[in-house]
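Participant: Residues per chain are reported as follows:
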Amino acid sequence: EAGVAQSPRYKIIEKRQSVAFWCNPISGHATLYWYQQILGQGPKLLIQFQNNGVVDDSQLPKDRFSAERLKGVDSTLKIQPAKLEDSAVYLCASSLSGSQPQHFGDGTRLSIL
Amino acid sequence: GQQLNQSPQSMFIQEGEDVSMNCTSSSIFNTWLWYKQDPGEGPVLLIALYKAGELTSNGRLTAQFGITRKDSFLNISASIPSDVGIYFCAGAGGTSYGKLTFGQGTILTVHP
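Those sequence lines, one after another, are chains G and C. Count along the first sequence from 1, add 44, and you get the number used in our numbering. Count along the second sequence from 1, add 54, and you get the number used in our numbering.
Simulated from the structure, these hints should not be mistaken for laboratory data. In this text, all values refer to a predicted model and were calculated from it rather than measured experimentally. Take the hints with a grain of salt, since some may be wrong.
[What the hints assert, rightly or not] To give an idea of the interface, some chain G residues facing chain C are shown, with a C-beta separation under 8 Å as derived from the structure:
1) L89
2) D100
3) P145
Heads up, the beta-carbon is just placed ideally off N, CA and C, and yes, glycines get one too.
The shape of chain C in the complex, shown without the other chains:
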């Protein structure tokens, strides 16, 4: 089946630093999504991308849909302690969100 490789697996950064993480796939996706999951909670959608090459921002978060449709990256600028959590990329192959394939997650730790 489809698999997403997400990197890095974990990051330890200082408050105020910028963060970059990415996701690659052997398959083409038509939609890329980025989620954040806090301990004991379900994933929360951060950004959704629908077109190859699309660059979308949500506050301090910026994500891009790769031109090949096989990759995506997420940047977080000026990190703050509440950015701590697990970030997941997810891809949908069809025109719907329906069948999402998730990456294995990037664990982000922010030191004050």
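Bound-form chain G, shown alone:
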């Protein structure tokens, strides 16, 4: 089966600009997650969707980050405006349900100048 697809793989922007990342989960996976992985650290959960509803967004900086999964399949994560500390790899993961193992995509590496 095809894995979790993410694009772009790399993005370089200047601070205060906006950026968007796209994720296509494994077919049939109802649960989708966005993680932020800062260099030298483990991934940190930003938001969890179950179909098109938000299950947990307690660690999402809502003043600048937003995410949607309108049709319960693909998802986008947006940052506006970006700050230097947002430089990280943004990982998308999906699972059949919240009680099943998560499969990760290869991430988008974001660099803020």
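Start from chain G and add chain C according to the hints.
Facilitator: Relative to chain G, chain C alone:
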């Protein structure tokens, strides 16, 4: 929030040696997971543990869920060069995998 302390931070070993790394938490977890991450890729699940005291193997990998539910360890036997990477522990507090808390990772280097 919940935090996981993973040690060691890095290891340099010779091919053929055994490796041991562990993860401790101040909070109880109901599920412990071990992932491996190669450069430029996402984490890949190696082993999942669901019960306190559980010992699970996956080839040369063995992991245990601590009795207190606050720790877990991973052993790799007879290391080979392709074991190089970053190993992460992760814990889930509820009955689902959903909200995972990750450790900071152990960087493993294997010298041929």
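Participant: Of the hints stated earlier, which fail here?
Facilitator: none
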